[in-house]
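Residue numbers (our numbering), protein chains in the order written: chain R, 57 to 393; chain Y, 57 to 393; chain U, 57 to 393; chain B, 57 to 393.
Keep in mind the hints are simulated off the structure, nothing from the lab.
One thing to keep in mind: the hints can contain errors.
Identical chains share a label here; the pair holds if one copy fits it or two copies do between them.
In silico lysine-lysine, DSSO-like type, Cα no more than 30 Å apart, as pairs [as the list claims (entries may be wrong)]:
1. Lys68 to Lys125
2. Lys75 to Lys163
3. Lys315 to Lys105
4. Lys105 to Lys163
5. Lys203 to Lys67
Protein chains: 4
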Amino acid sequence: MLIIMQPTADKKQIENVIKYVENQGFTAHVSNGEVQTVIGCVGGKTIDKRNIELLEGVREVVKITSSYKLASRTFQHQDTIIEVRNAKFGGQYIGIMAGPCTVESEKQMEEAAEKLSATGIRTIRGGAFKPRTSPYSFQGMGEEGLKILRKVADKYDLAVISEVMEISQIPLMLKYVDILQVGARNMQNFNLLKELGEINKPVMIKRGMSATIEEWLMAAEYVLSGGNREVLLCERGIRTFETMTRNTLDISAIPVVKKISHLPVIVDPSHATGLRDKVAPMSLAAVAAGCDGLEIEVHPHPECAICDGAQSLTPADFDELYKNIKKIADVVGKVIQ
Amino acid sequence: MLIIMQPTADKKQIENVIKYVENQGFTAHVSNGEVQTVIGCVGGKTIDKRNIELLEGVREVVKITSSYKLASRTFQHQDTIIEVRNAKFGGQYIGIMAGPCTVESEKQMEEAAEKLSATGIRTIRGGAFKPRTSPYSFQGMGEEGLKILRKVADKYDLAVISEVMEISQIPLMLKYVDILQVGARNMQNFNLLKELGEINKPVMIKRGMSATIEEWLMAAEYVLSGGNREVLLCERGIRTFETMTRNTLDISAIPVVKKISHLPVIVDPSHATGLRDKVAPMSLAAVAAGCDGLEIEVHPHPECAICDGAQSLTPADFDELYKNIKKIADVVGKVIQ
Amino acid sequence: MLIIMQPTADKKQIENVIKYVENQGFTAHVSNGEVQTVIGCVGGKTIDKRNIELLEGVREVVKITSSYKLASRTFQHQDTIIEVRNAKFGGQYIGIMAGPCTVESEKQMEEAAEKLSATGIRTIRGGAFKPRTSPYSFQGMGEEGLKILRKVADKYDLAVISEVMEISQIPLMLKYVDILQVGARNMQNFNLLKELGEINKPVMIKRGMSATIEEWLMAAEYVLSGGNREVLLCERGIRTFETMTRNTLDISAIPVVKKISHLPVIVDPSHATGLRDKVAPMSLAAVAAGCDGLEIEVHPHPECAICDGAQSLTPADFDELYKNIKKIADVVGKVIQ
Amino acid sequence: MLIIMQPTADKKQIENVIKYVENQGFTAHVSNGEVQTVIGCVGGKTIDKRNIELLEGVREVVKITSSYKLASRTFQHQDTIIEVRNAKFGGQYIGIMAGPCTVESEKQMEEAAEKLSATGIRTIRGGAFKPRTSPYSFQGMGEEGLKILRKVADKYDLAVISEVMEISQIPLMLKYVDILQVGARNMQNFNLLKELGEINKPVMIKRGMSATIEEWLMAAEYVLSGGNREVLLCERGIRTFETMTRNTLDISAIPVVKKISHLPVIVDPSHATGLRDKVAPMSLAAVAAGCDGLEIEVHPHPECAICDGAQSLTPADFDELYKNIKKIADVVGKVIQ
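In isolation and in its complexed conformation, chain R is listed as follows:
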């Protein structure tokens, strides 16, 4: 931590700051510049830097270590590669997760699984518990939905990803699901994250709509610090002033996160844009920018979907898209698995 004093700070103010940080267990190194004094601090415990910024004569406090450790490339240089059944995410591998927003019936999921499997997909998605903005909307099939998911996945040898909304749902999820997804609205549900740190299945954390990249990595840190090292990050759009898309998909987050973290970065173009005809271009853009996976909504009959049909592709459209995804993966030196 560096404490930058005001150019006008006097000797007494500087001494006062030094005393303060030493009381917190830091060792202070003072360097008197031409314009102002800078105090470097090492050791000491975690501290709220604003406490120091409020001391007389202080201009600014700069933290020089990042708050996330286990998620950073400093801790682990090599890419984390997560393998679930036949799917791989990270490193040179791109994994594609696809399926309906919501599990509606066995017939629907059977049809979805059959077609996705024919395309070459290795992970199926589907929601059993649904976070809905309105209390008056359909809230999901619950355990019945999870059973259906598992059954069709096993038949076609697919991995299953589904969203967990609540601590009490974890045991149920572990029984039926291979990857537990944390939704954007729960990205800072710290109690849930802590519990997920203690399971031994991969967790995919969606970026909160207003979460900075640093906060997103801190959410991952909650899971990692509990001992669970299989974390996937999923970019799904951030909230901005633009209203022509539901959210603004932050494609540049892909190379930014890949540089500072070893965790795989997945992209969800369906929720980010909210409209079917934007899903294909944004999927291709994400792969071109270096993502490690995609999560795409595909419904056998989008026009009848209970939820988010407007952003779901038909299996035929998806099959078409998949071919182009493969070609672009090839250009950037990646392999679909």
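Fit chains Y, U and B to the given chain R structure using the hints.
Quick look at chains Y, U and B alone, frame taken from chain R:
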């Protein structure tokens, strides 16, 4: 719901849309304008308007009823006034909640309660379970903290507000706390909101950092629709591009919400700005703009606070501020209780 | 325009609204729904819809025609293709503009032009007048810079794009430059836009940092309505809460604009991200998402660049990137020209 | 400037960085911490910090001097007080500017001036050149409007503020106007700002919709560095994701700017909110938060206004508001002039 067709839409496309909405249970009223056709739809069930927007020839779909009902002034014209012990929020009343960010010890809370009580405060705040961005930060005293809160509150005849983070904590909260606070990060934790709809104590919902006013009211709707009609809304800053304050306190949300909803609007200037010297001007601004309450962090010794000391006022500063709050309340025709 | 009344609006209020709009020259069509009355208005002049929203009993006013006309696909269905020397932008063509941020010397530009030309580039960029946030920064070479640009461009048979900051600079620009660029900070400098509507050279309008897509198209409308139909749009990042990139490149704006407008959409990944190592992934992403051109900063010696060296590619890196751009263009059915 | 190296940076990388900054004229002071090395740099010219951040082994570069100098309290500790005719802005004084959005006729302005003067207002506003998002909207009366403004102002002994959009309009403005206003869309029109640095009348700079406080102060710096020391800053709302108000009025910018700059801070609640019934609460909030002035739209007949009638107060409403403004100014120790 109104469906506005493209100026270029042909007869077949219009018929197709009519057929679609009639299948969903709507009655369609077609009006052929000079430029384009508009189809008014009544009856029918809740529908994702994007499904219609994807039909050929449709330009835009406009919903003409709001998604929140119980929270709106259409449902209840008169202001909701919430009374807890001696405090009142809403209507002509402004209630002030004050206290430390975190319960640290009985000594700390005793000192806080004594001083706040001397100033005239009727509700004390304090966190027992803390949502922390970092897994490595202090996570709160738990039940021990709640017991302390209750004890000092009873001694000085104060109401207690504290944050609930998790469904499993609700029974504990009900035992010790008068108002249950839902944090900004949990504003769309729908399972938690649903459970809070079934208790019989007031719930204060903080606005999520990237939540629109409509989403905030929908969160209130979750609690209201469960049968609990005592909901307070709390503005605590939204996330914007500006970094000189932690968040941007959306003061204009006060008159906006007051116009469309009957629920009391509280403002938390401490978390919004994150800096002690901004708390007083923003508190006065909120009262001048018509808020129904304030939640302010006050710590007997901010420099020793475990958490958020940088944004906490001393009891003496707060006492000073309180006098000005009263004067401004008087200008806008409100009473502090 | 549709006027949606409150469910509680009474007969007198409805009549009052009708009288108001008829006074403004509109014909009113009333339709009484089960829940509320909707008044459709045709004819009439342009009107500020807030004036109606303030009338008693009005819930909301919905405009059903877009404010931009000449920029829309309703006005012109086919893609506008802009040809400048050997370069083409729009339709199936992707044009690449490359070069240094600022013209610094003839030697620098000669070296840049030679290498870019060898790679296959047909349009060179370079700033002669620079918009700088600080008054203490280098402000550009002025006419001397434009002369250099023209000279090297002619030698290698390249088109020239450069930024115009001020009405008084237009005659000079017309003498030396093939495409006049309007910077993001000037996107709503309406006097400048009006003047550019009267020239007969293409104009490229960068999206303002906080401009919605609709405002961006309205800026284009200023130029188009003056009679100049050669307008290119350039996405260069919007301002959001995320600070790890300078701006957030809104890649999804590409398919959104392509759907509603016939104008070519160019992307500038250099200014959006502000960092060299993010330029390649974002260039590929933009092409994968369907853009009609790229504007990329390339400097023969980025480490010596007066301005924005940090985001400039070396000619060698750019040559490498160009190969991948071509491959991805091929996947999405486009041709680089 | 401080250069913070990666914990993993080796000796050669550190030496390379030192050599780089010394070549730029800096003196480097190396301090080897337990975790990482920090290099303090003094002297040297202005430098793009990203150039250093791209060197191998560098983690982050922190600038420790602010980019604005003349606008800062370090340069001038005392509040700047600007006096124009009988009005004063800054220090203990609050100046109120009021009047119609646009000058429409002499009759309109005469009526406005008479009523505002009766209320006690000392500065009248009115637009003669209008920045309009649409090329199809009314663009202002031009010089004729300025003449009217001057005439009625002289009759009632008022100062005049009006917006300048273009360098070529400056001579005209100087002839008729006392304070030249720079609109939000022109906040980074650097050529215009430079010219305004050379006039000897006060300039009021509106904050750009997506401008950070630092960029706003840099815009002021352009004017100040030209020699014109009479600059007023005007907050008028920033662009956020919330759509229920036109912009989000950043009230907290008032205490933030007042702390770091000596320039007066004015607030425009009319443009920020865009709706008449929000103007009063936001005016009071701004005064409570410590602003040095208000700019409010008042029209003798808002329902007939050519422009922005929806956000204009009637003279009677304004008179009422003015009384409360005075009372709140009194609470915070300020005087209306």
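Status of the hints after comparison with the structure:
When the C-alpha separation of Lys68 and Lys125 is checked against a cutoff of 30 Å, the pair qualifies only between copies, where the shortest distance is 25 Å, while the shortest distance within a copy is 36 Å. Taking CA atoms no more than 30 Å apart as the test, Lys75 paired with Lys163 passes between copies only; the shortest distance there is 26 Å, against 70 Å inside one copy. In this homomeric assembly, Lys315 and Lys105 come within 30 Å of each other (Cα to Cα) both inside a single copy, at 26 Å, and across copies, at 19 Å. Taking identical chains as interchangeable, the C-alpha atoms of Lys105 and Lys163 lie at most 30 Å apart only when they sit on different chains, with a minimum of 26 Å there against 56 Å within one chain.
For a Cα distance limit of 30 Å, the shortest separation of Lys203 from Lys67 qualifies neither inside one copy, at 70 Å, nor across copies, at 46 Å.
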